[in-house]
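A.B. asks: Single-letter residue listing:
Number of protein chains: 2
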Amino acid sequence: MEYAAIHHQPFSTDAYSYDGRTVHIKIRTKKGDADHIRFIWGDPYEYNDGKWSANEQPMRKIAATEMHDYWFAEVVPPFRRLQYAFVVTDDHEDIFFGSSGVCPYNEKTLETIHYYFKFPFVHEADTFQAPEWVKSTVWYQIFPERFANGREDLSPKNALPWGSKDPDVNDFFGGDLQGIVDKLDYLEDLGVNGIYLTPIFSAPSNHKYDTLDYFSIDPHFGDPELFRTLVSQLHQRGMRIMLDAVFNHIGSASPQWQDVVKNGDQSRYKDWFHIHSFPVTDDNYDRFAFTADMPKLNTANPEVQKYLLDIALYWIREFDIDGWRLDVANEVDHVFWKTFRQAVSTEKPDVYILGEIWHSAEPWLRGDEFHAAMNYPFTEPMIEYFADQTISASRMAHRVNAHLMNGMKQANEVMFNLLDSHDTKRLLTRCRNDEKKARALLAFMFAQTGSPCIYYGTEIGLNGENDPLCRKCMVWEKEKQNQDMLQFMKRLIALRKQENTLLTEGHLEWNLLDDKNDFISFSRTLDEKILIYFFNQGNVVQHVSLRELNIDRNKKICDAW
Amino acid sequence: MEYAAIHHQPFSTDAYSYDGRTVHIKIRTKKGDADHIRFIWGDPYEYNDGKWSANEQPMRKIAATEMHDYWFAEVVPPFRRLQYAFVVTDDHEDIFFGSSGVCPYNEKTLETIHYYFKFPFVHEADTFQAPEWVKSTVWYQIFPERFANGREDLSPKNALPWGSKDPDVNDFFGGDLQGIVDKLDYLEDLGVNGIYLTPIFSAPSNHKYDTLDYFSIDPHFGDPELFRTLVSQLHQRGMRIMLDAVFNHIGSASPQWQDVVKNGDQSRYKDWFHIHSFPVTDDNYDRFAFTADMPKLNTANPEVQKYLLDIALYWIREFDIDGWRLDVANEVDHVFWKTFRQAVSTEKPDVYILGEIWHSAEPWLRGDEFHAAMNYPFTEPMIEYFADQTISASRMAHRVNAHLMNGMKQANEVMFNLLDSHDTKRLLTRCRNDEKKARALLAFMFAQTGSPCIYYGTEIGLNGENDPLCRKCMVWEKEKQNQDMLQFMKRLIALRKQENTLLTEGHLEWNLLDDKNDFISFSRTLDEKILIYFFNQGNVVQHVSLRELNIDRNKKICDAW
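So the protein lines, in turn, are chains S and Y. Numbering-wise, the first sequence is residues 1 to 561 according to the working numbering. Numbering-wise, the second sequence is residues 1 to 561 according to the working numbering.
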């Protein structure tokens, strides 16, 4: 047994409260090393005749990667206190694994109480909880300048005719909020029930990530009344709306930054930023990346905190929005996000808080900051396998497994899954315009836990390279839309909604990872129901006999697709 | 190379801001596996000719255990943003280790940006910081009922003559605050400069962990004026004072609990507790352990939060105390402790917040809750090696190493180190009254990072089994005190204070772990200065030649002891 590879981190996604009562426990061993693992647990204060009262239950192997096996147990400690350890068994030994690492499995070890891990008390207050509605949401991301132009009169003077050319970085085409209102039937018919809008507040650029005024709707997009109409019509249709909060930085055109430019160290806003010397030049202050027109806000300044929190609450209180997507969330301090979470959740408890984090987002997903992150660490292995064909099926599955094992179950269930966005190549282009691959990817993503998001236009076959080409105008002429793709997406969304609980909560099992033939199969299982998926990315037609699937005789089998 | 054993957890004590600018990075490999490790890092947004600009620096092996080697690097990212990965080398391969685990070390991997770990921004607000004064503090723990009786008139009616017998659970001997004031010369002469008092608020028991009224000094201990005198005299002598806050539970004699007992579900305090049904019996509510007279407080209730925070601030504001030791801190929710930390640190920024946590305290030591925990995970291997002789020297050293590697450097530096307390056997008794062993343990603890604490009486040879026998009356007759031990402790404390910076911040290196002869040597190094320690627990006299120590010729050598 490879002792050095055994890993369990207490007080982490390896040991967490699932629902305020139930504790989930995971442990990792070297692949193939352990035959079985017993979970030893009890109340730390419960003794019988001077001996600690311990229970024992088998753990279940729930996932594997190239290198590791992951084992799982769940318990409901009667007094909400838990003391625990593991007994790992292979074909020639048992070892005890606890807070002092590997110990010989014997009476002396078992009686040494400080060798056990602790979960001192299961608190509801410390439990990661997310809005329930997210679990049954299929998202649709809209880049408003390019979705639909409903009010020509609002369009910028230099707006180009809709779809007349591929967009350049600084082009305008006149998309607006009325355009979205006009297309609500379309969206409802498609089946999506959550709309995520990239920024809509006043800003000079077409993408509006360089905010000028967080309290106003950009005049080319509409006005407060129009936005109120949009929200209320969405809500009437049972759809949710999420806005984009750009709190890491502000636009250089904002009055705050302009005041600093003008007044230097005499500016009352000089501590709103991270300025290294005065007067400000192009590079003597912290910026988003190295972008001069996006000066980074100093979120440790209480004035800035108040300013941003007021914004966050204003759009909830006055317009009843359902979610905040937080731009460049990983570069803002945790102290601010904790305050933000508390303020927002107090104002409206079921607001969804989604951070733009491209990497593992564990520290933001402990229950007191975000509900989810943009799930790029899930996007990447999918794309690398299906689209780029740079990794094998098993490598993809193993990376998906590792990523899932890295999160709490209830957090994975509300992650924001996506295949592309305004920040990436479009899916179809990433698939080198191979529509079959794009469909496979969409079907695959829709089969996994987490709430899936479609980037506007994917459903009608829009393609495009990286920014600015991934921000093309939506195509509304039916004859120019890929109607087959649209039908496919409707079916996919309908299936997702029909089997939503299973696809959110069900256990994932990889049944077949045939790297040679690029043929994979996995199942999602919840209670008595199983969905079995097959993806054949190889060149050979694959035949699967129902008999091989070992389905119980008393099961009803049907073709879900 | 054992890939499955390579471990680095981003956003943890493996990757943290040391001082708001410098990032510390650790990675763990299987022992002996890696010849060297290179740390690859850069700013995530810095590109040259479309290629990410990465720097490279060697990592340093800083610790080992039976199973693992630990490697360390520190960097100051110029724009406070960090993207990084590791290249691990053994005698026949290089591998890349990043956010997707082990990858082949080649151009394609190096250019795949999402394979890197991120430290998105180094924020001062997210940096663990502790009061500077703790680093030069030697603590002295006092159990006030047993330290000194300075005011016979305050003693409980049933108080026994001082030291007339070994204490039973419910005995009183009349120790009080005046007794401590009277002994300040003694304490100053001993050399300690931080006093930790177990609870002093009104409570029926002798230990006072069953609080009746958090706003009053127990009448048998004194009154507010006397306490104010104590604090001010301590401060005049450059000594600090820490009180014990019992916030997990309250005493059953408290008005709040008594109201619940009387009024049941009509009590206005019914939501202050975790009560399962009314009327309350002996076991239908959450208690500390299973102790009926210590009902657990519901710290998720805003009224309770306000009540406890008012207490915390009252004793700081009105009496200028320097620290709060938090009883059973691990069973209270994190949400409460974060609020507590914020309130206390705002009131007086250099208050030391110490949690009673017997196990790994990592989640409480992330910078927004406590500064330290009672460092029992360090106590245990020391005691098991020196006193119990149940583990080998190398096992002890490896457990100490693993524990140190589990923490941030700046947190380890202010940990509250102890060998015994009112909750354990006394040190001398644990050493089976072998005074040499006790001295060795004290010398060993004083040689390690963290602020050491002496339990009252240890310095004069007090012994005692577990509670109640570890709470004997302090002996004040000189002839009954172990004067040799007292002199030893004074020297030890003096050396600690003299070499304080080195002993707090210096690198620990184990030079010799001779399990056969029970002979160990380690050094603490800071800049040009090295302290070398030898501990011979074996039966054979050991000779060490200076030549064997490979000390540079130009070094000045002196005997520090």
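Please keep in mind that the hints were generated in silico from the structure rather than gathered at the bench. Think of the CB as a built atom: it goes at the ideal place given N, C-alpha and C, for glycine as much as any other residue. One or more of the hints may lead you astray.
Okay, the calculated beta carbon distance ranges per label pair [stated by the list, open to error]:
(1) L526(Y) to P204(S): 51 to 59 Å
(2) H274(Y) to P204(S): 36 to 44 Å
(3) D35(Y) to N500(S): 45 to 53 Å
(4) H507(S) to P104(Y): 46 to 54 Å
(5) D388(S) to Y45(Y): 56 to 64 Å
(6) I557(S) to D35(Y): 30 to 38 Å
Result set (BS3-like, lysine-lysine): computed pairs, CA atoms no more than 25 Å apart in a straight line [to be verified]:
(7) K425(Y) to K51(S)
(8) K31(S) to K516(Y)
(9) K108(S) to K516(Y)
(10) K30(Y) to K338(S)
(11) K437(S) to K108(Y)
(12) K516(Y) to K348(S)
(13) K306(Y) to K306(S)
(14) K338(S) to K348(Y)
(15) K61(S) to K108(Y)
(16) K425(Y) to K108(S)
(17) K30(S) to K30(Y)
(18) K30(Y) to K31(S)
A.B. asks: Work down the list of hints and note, for each, if the structure agrees.
C.D. replies: Outcome of the hint check:
1. L526(Y) to P204(S): 51 to 59 Å: Given about 54 Å between the Cβ atoms, the range holds.
2. H274(Y) to P204(S): 36 to 44 Å: 55 Å, violated
3. D35(Y) to N500(S): 45 to 53 Å: 52 Å, holds
4. H507(S) to P104(Y): 46 to 54 Å: 32 Å, violated
5. D388(S) to Y45(Y): 56 to 64 Å: 24 Å, violated
6. I557(S) to D35(Y): 30 to 38 Å: Since the Cβ atoms of I557(S) and D35(Y) sit about 56 Å apart, the hinted range of 30 to 38 Å is violated.
7. K425(Y) to K51(S): 19 Å, holds
8. K31(S) to K516(Y): 36 Å, violated
9. K108(S) to K516(Y): Given pair K108(S), K516(Y) holds - Cα atoms ~22 Å apart, limit 25 Å.
10. K30(Y) to K338(S): 37 Å, violated
11. K437(S) to K108(Y): 23 Å, holds
12. K516(Y) to K348(S): 66 Å, violated
13. K306(Y) to K306(S): 23 Å, holds
14. K338(S) to K348(Y): 22 Å, holds
15. K61(S) to K108(Y): 33 Å, violated
16. K425(Y) to K108(S): 19 Å, holds
17. K30(S) to K30(Y): The hint holds at about 12 Å.
18. K30(Y) to K31(S): 16 Å, holds
Violated hints for the displayed structure, listed by number in ascending order: 2, 4, 5, 6, 8, 10, 12 and 15.
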